[in-house]
Structure formats: C-alpha cells, structure tokens
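Start from chain A and add chain B according to the hints.
Protein sequences, first through last, are from chains A and B.
Just so you know, we're using this note's numbering here: the first sequence kicks off at 501 and counts up by one.
Just so you know, we're using this note's numbering here: the second sequence kicks off at 501 and counts up by one.
Just so you know, the hints here were simulated from the structure itself, not pulled from any lab data.
Footprint (simulated), chain B over chain A, 3 or more residues, beta carbon under 8 angstroms:
id: 1; segment: 899–906
id: 2; segment: 1069–1081
Example chain B residues on the side facing chain A (calculated, C-beta under 7 angstroms, incomplete):
id: 3; residue: Pro567
id: 4; residue: Glu570
id: 5; residue: Gly574
id: 6; residue: Leu900
id: 7; residue: Asp901
id: 8; residue: Trp921
id: 9; residue: Gly982
id: 10; residue: Val992
id: 11; residue: Arg994
id: 12; residue: Phe1061
id: 13; residue: Lys1062
id: 14; residue: Ser1079
id: 15; residue: Arg1082
From the three backbone atoms N, C-alpha and C, an ideal C-beta is built for every residue, glycine too.
There are 2 protein chains.
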Amino acid sequence: MITDDTFPVEPWQVREKTLDLDILAQSESVFALSNGHIGMRGNLDEGEPHGLPGTYLNSFFEIRPLPYAEAGYGYPEEGQTLVDVTNGKILRLLVDDEPFDVRYGQLEHHERVLDFRAGTLRRDVRWRSPAGRRIALTTTRLVSLAHRGVAAIEYVVEAVDEFTRVTVQSELVANEDQPETSQDPRAAAILTKPLQPVSHDSDELRAVLIHETRYSELMTAAAMDHDIEVPGRVEKNTISREDLARTTVICGLQPGQKLRIVKYLSYGWSSLRSRPALADQVAGALDGARYTGWQGLLDAQRQYLDHFWDGADVEVEGDPEIQQAVRFGLFHVLQTSARAERRAIPGKGLTGTGYDGHAFWDTEGFVLPVLTYTQPNAAADALRWRASTLDLARQRARELDLEGAAFPWRTIRGQECSAYWPAGTAAWHVNADIAAAFERYRIVTGDESLEADCGLQVLIETARLWLSLGHHDRHGAWHLDGVTGPDEYTAVVRDNVFTNLMAAHNLRVAADACNRHSEASRALGVTTEEIAAWRDAADTVNVPFDQGLGVHQQCEGFTTFKEWEFTDETQFPLLLHESYVRLYPAQVIKQADLILAMHWRSHSFTAEQKARNVDYYEPRMVRDSSLSACTQAVLCAEVGHLELAHAYAYEAAAIDLRDLHHNTKDGLHMASLAGAWIALVAGFGGLRDDDGVPELDPQLPEEIVRLRFRLRWKGLRLIVDVTHDEVRYTVEYNGDDTVDDALTIRHAGADLTLTVGHTRAVPLQPRRALLPAPSQPPGCSPQRRRG
Amino acid sequence: MITDDTFPVEPWQVREKTLDLDILAQSESVFALSNGHIGMRGNLDEGEPHGLPGTYLNSFFEIRPLPYAEAGYGYPEEGQTLVDVTNGKILRLLVDDEPFDVRYGQLEHHERVLDFRAGTLRRDVRWRSPAGRRIALTTTRLVSLAHRGVAAIEYVVEAVDEFTRVTVQSELVANEDQPETSQDPRAAAILTKPLQPVSHDSDELRAVLIHETRYSELMTAAAMDHDIEVPGRVEKNTISREDLARTTVICGLQPGQKLRIVKYLSYGWSSLRSRPALADQVAGALDGARYTGWQGLLDAQRQYLDHFWDGADVEVEGDPEIQQAVRFGLFHVLQTSARAERRAIPGKGLTGTGYDGHAFWDTEGFVLPVLTYTQPNAAADALRWRASTLDLARQRARELDLEGAAFPWRTIRGQECSAYWPAGTAAWHVNADIAAAFERYRIVTGDESLEADCGLQVLIETARLWLSLGHHDRHGAWHLDGVTGPDEYTAVVRDNVFTNLMAAHNLRVAADACNRHSEASRALGVTTEEIAAWRDAADTVNVPFDQGLGVHQQCEGFTTFKEWEFTDETQFPLLLHESYVRLYPAQVIKQADLILAMHWRSHSFTAEQKARNVDYYEPRMVRDSSLSACTQAVLCAEVGHLELAHAYAYEAAAIDLRDLHHNTKDGLHMASLAGAWIALVAGFGGLRDDDGVPELDPQLPEEIVRLRFRLRWKGLRLIVDVTHDEVRYTVEYNGDDTVDDALTIRHAGADLTLTVGHTRAVPLQPRRALLPAPSQPPGCSPQRRRG
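Bound conformation, chain A alone:
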C-alpha cells in the first residue's frame, strides 16, 4: 500500500526513499517516463523483480477477438490492445559472479527520484552482494521530449570497498513474459508473445530488432547504441537473436573507480513503411541521439520543461501535498501528450495496459481543457487525431443506421472497441465532448485554422448524428432516448441532462461554424434547412426538472428512482459487488454527471439550481470513477462548500500518488491528474469558458493561502494570483506582441478589462453557501484537508 511515507512531500519531484516490493507495480506507473510517442514504465534497470514490464509506442496495438456468449448486431468483433514492445530499458549487472538483484544480498540504499523539471528518473543504489562486494549504482533515465523517437539511460556503477569485476549486459528484449491480469474487468487483457520477429542485426555496441504484430500487421523497430567510459581494460561485444540483443561490457574496478555507460535507444513503428525504411529511421534517430550526447539530451529536456512550466505551473501555498500532486499531474499530462502528434491520448497515457491502452472521452473532456490553456499545440494535435478517424466514425454511424459520425467509446486506432454497448455505444455524449473540445480550442486559442482544416467536418457530422438520434414528441420537446450519460451506474435512459445540453451545444456550435465557413459547409451538403433543424432541436431540447424538489433530474424520472440502501457492509467500487440490473434503476451515481453538466454548461443553470442540485446529488455519488472528484471539487467550490471542494481537489490530485483507486499498478489516471489542475483552476479559480469569454471568480479554502496559475488566451498570457483577500490579474504577451493588448475577462460576473504589462488587483466576491455542506454516501466522504 502507498502510504504518506512512501513519497515525501516535495514541490518538484516524487522521491521514493526505499524500495518496497509490495508497491512495485504502482511505483512503476508513478515513475513512468513518456513523451507521448514512447512510454516506459518505471521498471528496475535490471528487469526484475517487476510488477508489470512495460514499454509502449503510442497506437502500436494488436487486434484481439471480442467474444460474446450472446452476440448482437453492431457489436464490435475486434478489440485493440496496447502491446508491450521491445524492452530497451534493461541493463543487467553482475558483481563478480553474482547478479545484482534487489531481492538478494543487502540493499543498503535505494532511492528513486522523478524530477518534474529535469524530466528524468534517477536511481541511487548501494548494494552489497551475497559474497560481500559493495557497489554504488546511479542510473538516470529519460524519454526525450525534444527527440520524439529517442530515450536514453546513463548507467554508472562504482566499486566501493575493493577491486570488483563488473559485467553489464545491456539488452533489447522482445516478447517479455507478462504477469497474469486480475479478474477485475477494468484491468486489461494482456497478450502473450505478440511480436513476430522480422529481422535482427548487431554491430559492436549497436543492435536493432524489428518485429511485426500478427493481426494488426504493424512493424516496430527498436535500436540501441552505447557510449562506454571506464578506466582500464574493458571487453565489449554485442550479439542479436530474434527476440534479444545484448551488449556485454566487462571490466575491473578499483574502489572509487566507475564504469559509465550511456545507452541510447530509438524506437519507431509503422503500418506502411518497409523494413529497411524503418531500420534506417531508428538508425538515424540513434545517430542523432549520440551526436546530441547525454548532456545534450539532458539540456534539451530541461529546456523543454522550463518552457512548459513557465506557461503551465500552478503554485499552491498552504497545501504542499496538493502542490506536489498538481505538478506531478501536469508533468504526466505533458508526458502523455507532448509528442503524441496525431495519435490518441489514452486514458492511462503510456504508463500501463489498463483499459487495454484505449482512449476515451477522458481525452477531450479532461485532458484537453488543461492542454488548451497550457500547451495548446498538443491539444490541436490530439484533435487532429480525432478528426483523422472521422471516416471510421462515419462508417460506424452507417452500421448503426444513423446519419453523420459516431465516434468510438473506446479505441486506439479509431474503431469502436467497446464490447458492452449500454456503457459504450449508448454513451453518445463522447461525440458532443469532442465537438466541445474543438470549440473550446478555437475560443481559447483564437486559432481558426483547426476548424477550417478538420474541425468543421467533425462539427457537422456530430450534429447530424444528434439529429438522427433525437426526435420531437408530439408536444414539440426534443428527446434523446436510450442514452447513457457520464454516470455508468444509470444507463440507457431518457433525456440525460448532461447529454441533452452537450448535444444542444454541439448542434449550435455546428450551426455557427457552418455560418463561419459557409462555402465549405455547403460543399459538405449542409443547407440552411439543415442548420435550422439543428437550432430547432437545440432550442427545444428537454431538460428534466423535478418541480417538487426544485432540482434537475439527472435523467427523466431520476429523482423518483429507488434510493440505494447503503449499509456498513457496502463495498466499493459497487460495480465489483453489485449487478448492473440493480444499479441502473437506483439513485446511485458512479461519477459526476448532472454535476459535470453544471460545470461544462455552466450558464444553463441558475446559482440556486446549482446549489440545490449539489445538495441533492452529493449524497448519491459514490465516486467509483476517477473522473468524478475533480468535477465535484469545481461545483462544490462554486456553490460555496470550499472545504469540501478542497478535499475533492486533493482526492483528484492524489489519485495515483496515494493509489486511491487501488489500480495505479495498471497505469496512471490521466483524466484525474488533469483534474487536479481543473479542480484548482476551475474550482478555486472559478474559470469558466462556456460563454466564450474567460470568466474567473476565485475563492480559496481556508488552508490554501495563495493560488497562482497561468492561462493562455488568444496569444496572451493571463496570470491569476489569488489570496484570501484579493486576486491580482496580470496580462502578458505570450511570444507574439502583435495581438490586441487588452483582454476583457469576467470577474465574479462583471466585465474587467486588463491590459498587457499591467497587474490589477480586485477584491474577491465573498462566497456564501445557500445550503449547508452536503453529506456523501457512507464510506464515500473525501478525506478532509483540515481538522
């Protein structure tokens, strides 16, 4: 179990003081390195022991059949699963004749540090072999943010007390054995030996292995090269086999002498390119890396991150745990997206095989809002990836007898891979979430080119989907029936408020976009009649409201469903202990749904409705999804429950550093890590953008004495610096001083014009809660930050 002692609270790093094999799999996820193209779990250099060995390439997957005991029309028959590719992380060490293995001999010191500013994973070890030889080992690993196909490891071993013969085996290993997965349906299916050898080659200190998947027919190449420094004689050789390449380095070290190896790695994959082209690609990347050199890679990494933190950092005074966790989250969000470049951003990034490595609505719903404000080019890349799957989404819509495009609930490449339609295909809202992400990108960045290039088509086709899904009843209300909203414990319902409001937004945004691009939209067959039908549906959308209780209904009838009977024996997550047939018709909610609607479609609710809805829904939400705490933080903050919001913000931020959902071993929860930023910036900062302007309304919980964050907005940078008394807004140019030098924001509901280079301090609008702080279901209250 990860405890408060596991990782000391430090602002810019995660440090593990000793090695705890019981949480090895969790720490492998926490210490994962990635650049969005290559992902490496924080496995030990020597390969074992391990929780889950993992090296991944974005969108490199294998196909597996999806079995159904009772099949149905339109069920996807093929799934996609992220594949553990050739492992280049391995450097085995023999001390005299004994292998270095943390399970044997004596581990005198073992520390690992994930450094958010250096972008490295450092490891310091002092080990005494069973025969009594002591060595000091320092390794530093990086996956380059500047060089997309490159990773590198600096490996330094030192003899401590006496002359020691040291042998290092640096390897590429394909088709590693994988541990068996759990029965938990959320843990991914793991494939055994997915890589078929294509070719292998070695030469002095260099080797390349090329493999291909059996069914998806993707080819991958992994290559390594080495720089070796050592005083005295050294023997070196490299061999290669189908699934193994090994460079062996042997030398003798006097006490204090060091063997230093820099291992350069390069990776590539392709579905199209030939074996020689791929071999040349990784060879070229490897040459480039050696040319740059270890220090050059380190410098470029730090430079990349300096730039990122300059624009993205969130400073939290008064709660050092959240300070650490939000930076940890931002670091991983950056790692998962920085060089994804028109590939998916999976729910777990490239940190594990959880959810089969699939991307969900998490991307557009939680990760992209953060990137749009902090790393907009990465947001654009992710949206271009979505748009690149539009034809597949069109085919899926045709298969389901629908117009437009139906994007997949879960996928790697773009094909629908969800085998359970009530919580997959029926969750149509993913389409509106994608549309909203395009629109947010346009509004926040001011960049119209994405819409022109590909966004318009996505908006039109998703609008068409909604129109063919919905219908008017005989009284003129427009309904969406048989849909599943974000809450996966209440599925296949009528008029889910979240879905209906998001669909209406999708329809309106598409209509406006067609007016902006009238020629292009005409070329796509859009007529004024079609646009009018979209607007009409949006205007007449049914939003269920319980007049008696004065609250919205998450879906039609929700407030009259059976209440869930929580007992002291209730076990969470409910989905592992209760059947869907019981959960669906009850007033028990897995994750923010109506609450999320009040965040994303903030202007569709009055302040009183928000307060009453939070009061009604909080006691019914069990947070069995990691996509809930951050949103609950945002709404609790808005309606004045600041301490509760603080607790939720911590829960979102600490999800993986404290393994709160007990599945960090399968990979990190990217949406929740992004959610830490959302909880702070949209929660305590009050950021909203659904009215087309940046709205802020900060208010801090007692313990947080200062919150400072940066937002990009149309070429400007807005710095928001909040204390308990006031907020100081500063606007700066963001590299481009040709843009307008004034920015009108909305502060606490009132327009406020800011000019570049100036700071304005304004008092906070005091937040008074309309209702007392709500309770949660038994066992579901978040851990309070005070008292």
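Only chain B this time, still in chain A's reference frame:
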C-alpha cells in the same frame, strides 16, 4: 423452403410425399418423436444425409463457459447446453454390396408420415440401387409415451424383383459429428464429442454403451436389443466399442420375402447413480420393452393418445390447415411434456438444439396453460420441476442483493444461463409468470396439493423478490424500474405495464395463499405486516397511461418514443439488422407485451382500452418473436377483428409446418404450437380465467364454421361447441363423479350455470369492433385466410 405442397393438409397426420433434401433439417424437427424424457429428431434411419443428427435426454446437458469481452458482477459464468446423446436410431442397409443412401441410386418412392393418433413416424421407401436392385423398405419409429425409457423401431425390408442379399447394421453411435452452427445468435452452440466413454458391452443381439459428460458429470446409458424375423438363413452378430455398438444381420431375400427387425432401445441418465445401477436400469427397460413387444408398444401408444385426444382435441371446421396444425401442435406439446416428470420443458422441446435446449418463460406462459386444461398432471410435473429449483433461485436472488427467489431467464437445470442481462435477468416477469402458472393450475384443476407441497414457497419467495425490486415514489406510486417486459426490443425500462400487472398479481396471489396456509406461511417467516406490504404494493402499482392518446404506455413514456422508420428495405428479424441501441428507445415492438398483459390480466383493462390499445400497438409490432402471433390473435378476436385474428391464429399454428421463422431446423417452437390452441380457445372461444372462473365468449371468423374444444375444470369436463349462431356447452364428469355436478361459467360476461350431462345452447354475443382493423408495419401483415 417448406411450401404448401410439402405436407398435404390432412386432419390427423403430417405426411411428406417426397424427400426434399433442402428441407431435411426442417423435416427432422417436424418429424421429431419424444415423450418428454427421450427426444429423437426425425433423422433418416440410415443416419445420413442429415441436417442435424439429434437424440436427446431431458436435462442431460454439458456445461460450457460463457465468455464476456467486458465482464460484470453477477453475470453467469457457466452455460448449459443440451447434448446429442448416443444415437440409437441408426439402421444402415446394404443391398448386395451397395449402401442404401437416398443420394445415390434411384429413389422411386419416399413417404414419411407422422401419425398423431398412432404416435409413430412411418416411412415407406422404394429404392433402386445403382446396380439396379430394387428394395421396399418400411420403417416405423416410436418413442413410448407409456414406457418412459423406451423407444423402438420396426424395420422391414423386402426384395422386389430378384434375389437380393441384404445386410442391416443396427447401431448405437456416440459422439456423432455435428454440423457447424450458423452465426445467428439464436442457433445453439454445439459441442463436439461431449461424451466420454465409461463402458461398453454386447451380447448376441444386444449392446449397451455408457458415457459421461466431462464437466457436468452426468452419466448416460443407451441400450439396444433386437427381434429378427426372416425366412431362411440369417447371420447375426453384435460388437461394441467405446463409441459404437453394432448388430449386423445378413440374409438373402427372394422377391417378396421380407426381413423384419424390431429394434428396442432404452435410455437412462443420472447425476447420482452408479454405472452398474444405470446399466441395470436400461437393461430392465429393454427387457420390459421386449416383453411388451412391438405390437404391445404400438397398442399402448395409441391408448395413451386416444385418452389424450379425448380430452384435448380441438375441432376446426372450415379451415383444414388450422385443423391439421393445431393437432400437430397439441401432439408436440404432449410429446414434450408427457413424461418430462419434474424436468424442464425446453423452448424447443427435445426436437433440436436451438436456444441450447433451454427452458424459458415459454413453459409457464404458453405451454402450461394448454396442459392445465388438457393434461393437468403434466402441468403439475412441470411446476414441480420449477419448485425443485427454488434453492438455486434463492441463491441467485442473494447474489443480486435481493430478497426471495429470482428464477432464471434461461436454463436446463435451474442455474441462470443468460449471458445478456438486459434481455435476461432484467426480464424479472418470468417470476410472476411462474407464480401465475401455479395459481392457474390451482384454480382450473381445483387441486390444492401442489400449492401445499411446493407452490406456497414459490409464491412467497417470488412475492418477496418483487417487494425488494420495487419501491414507492414520494407520491406513493409503486414502481418497477430497469425491467424488461416480454418485448425484447424495448428493454430496461420503467413500469412495463405487463410486468407491473403480473407482479401485482403475484403479490396478491401470494398474500391469498398465505392466508390459505397460515401455519405453513408463518413457518416460512411470513408475517401479516409482510402480507400487508405485498397488498399495498399491488394496490399502488403504477400503470402508465397516455391520457392524450387514450392508450396505455407499454412502459413509462413509450408513446412518446421515436417512431421506427420502416422502409421497403427493412429486413426482418430486425435484431439481425439493427442494433439494440437503436431498437430499445424506439416505438418498435418485437412481440406482444402490452397486448399480452391485456390477455393475461384481462380484467385490468376496459373494453374500450383494449380496442384502442390494439389499434395503437398493432402497427408497431413486427412479430420477430414466435411468442407473438397467438396473443395478437387472442386480442384481435376480443376487440372484434376476427379475420385478422384468424390470420394470426394460422401464423401461430403453422410456424413450423411452414417454417415461418426460418429456424424450424433448430427445433420446433413449442410455445407457438401451444399458441395455436390458445389462439383458437382463448381467441375464438374467448376463454379467460384471470377472474377465477371459466369465462367464455365465442365468436368465429367467417371461414371457420365450427369450433369444438374441451376443457377440464375442477374434475369436470366442459365441451364447447361453437358455430356462427350459437355455442353449445356440455359438462361431463371427467373420471371422478364425486365432484359437484354443476358448473357456473361466465358466458359473454353473464353467469351461466351448467349441469353435468346436459348441453345448453346459448346465442353468441355479436362482436362489433369499436375501431377499424389496424394495419401492421410494412412487411409484417399476417397472411390473410380469405381473399
């Protein structure tokens, strides 16, 4: 394709005039013989060609894993599949040195006759071998209704033109090769080589094979013996192997000389008994059969059937096709239930592997109403089987965190085997259907012993299930949410009218039964408070009604769902061409649901409501289920659309004789065959029993000039003889003259007292339709019987 020419219209038999190999699999189902314990498809004696070789023993199944690409709590992990047991039907014939095979040589004559009164399948063949030898072959097969473990075949081969050497190989064959099944989800998974050899033995003309299933660990024994008559020298021997026993008979026949073999077969299986016990059991049955002799078996068969027809026959003048079909249906319903004796009655009887051989609500809902009025001891046996699975149903309820007992949606042995919960577990109505069948049995037969023995527990536990499933809203209405009614195209809904009314009935019946058995119910923990809660829920059950349209809503909101857009390209059944995610939220109905509620809970609707509901729902029902036409016949008759009712009655009756659902090859549709009786007796006879008395209100469509049927009611027999002008009611004792000699029925809504031995003629109440005859979805109109 089965055409009108395939089986000539004859009142007491189904005769196939020539052999059409294209419909071999269908004819194997039509010509299946069974006694409810043993089932034999109508495979050719020589084993091939075949569509689907099949020999079954009731509840002899194998377990198979149920795979889920995305698992969920409470999903059954093991399925049960009916197993093709040792085939004893095979008698291969060599004519000189050429095997008799209908695909070679010249088939000069081939006729098969299923005789409803003899209870036999007869086959007459004249064949000329490729070498020119002509033989005449006559075989008669029976599965004994009088001797549960016994089947027999009389096999007579005659030389026609010249001296012929004849070799007959009479076999027992285990683990026959099975054809691959189709992709249609409704076709059963077929297991390969499910039988593991345990022992085999042979002796002169006799052999026994004993096998065991791998996972379900059921043991089965099959044995054969022979009587052989032939002029002149004959050689005989019998061998046995693990999966084969063969008796070979060789003789020479002069023209006109015959070889006659009577093959006696006996079968048994057990999960408990030892191999020797089982071997002795089949040996004893075989000895008994030989002692009875072929003629004795034939006589007993006819006697059994004479008795059955005397109490069950339905005479239809004016529509000879329906006349034939309803007798065909009654014959198969009898076959499937006669000697089931506390085993399940599967949806396809023992006529094929469709639906894996599972029993559904079809049994209690469609088959038992017929048996209760015609063969009540078989109905009681079936209900005792259900009650025997009560502990499994209790366990299932516990697993789902519910009180009481949850009977399985589909099963062989009693465990839930449904792998798709929205159309399985959520179809809770099966529990109320079972409760209603117990209550109908009690009311119709007057036999209180079944309730005392086991029915009371079933009623109590199902009532408890309903109470824990439902809840009151804050206005006091009692709801059942997240349920699936009979219509599998509209699933997981709120307040399905059928389910709600049936649940209310279940609750009331349980309350009344507890009052009748107050001591026993107290022993089961029932208190007056619990009974009061049952009555309260029943009294406050919500029944959605659309005031604007003046019709009931099949479920909450149904009449405001999207209308299905039928086009000329719409393909049926919809489930093979459209996704559930589209079907569920649309006003498209697979099968009678609200319409069925109006039949089974007839007194919960006014005449006008029935008329308006039929008018509203008819154009939305596509009849993709075989459980629909009979109910539509009943309600169309009730509201005055007699010609439409006639068309539906024919469709229900002819489902297998005309292969209307294109899957008769997988087995017969027992519920629809029972439905032919229901369509005639409840439709044109107007029989209702949901008010506790026999209600009749006959009215005939134009073409049917006379309808005569018999009903058992509390020890009496009521004969109903309807013409277009009047109905003649006759009451007789039914074997027991100690019962009351008066019977008060309700005729056309008014009480009418009848006395034993007298016939009363009363005029019909003329039926006037309130509304014009409704339309059906394009392509879904039943074939009209006139014009």
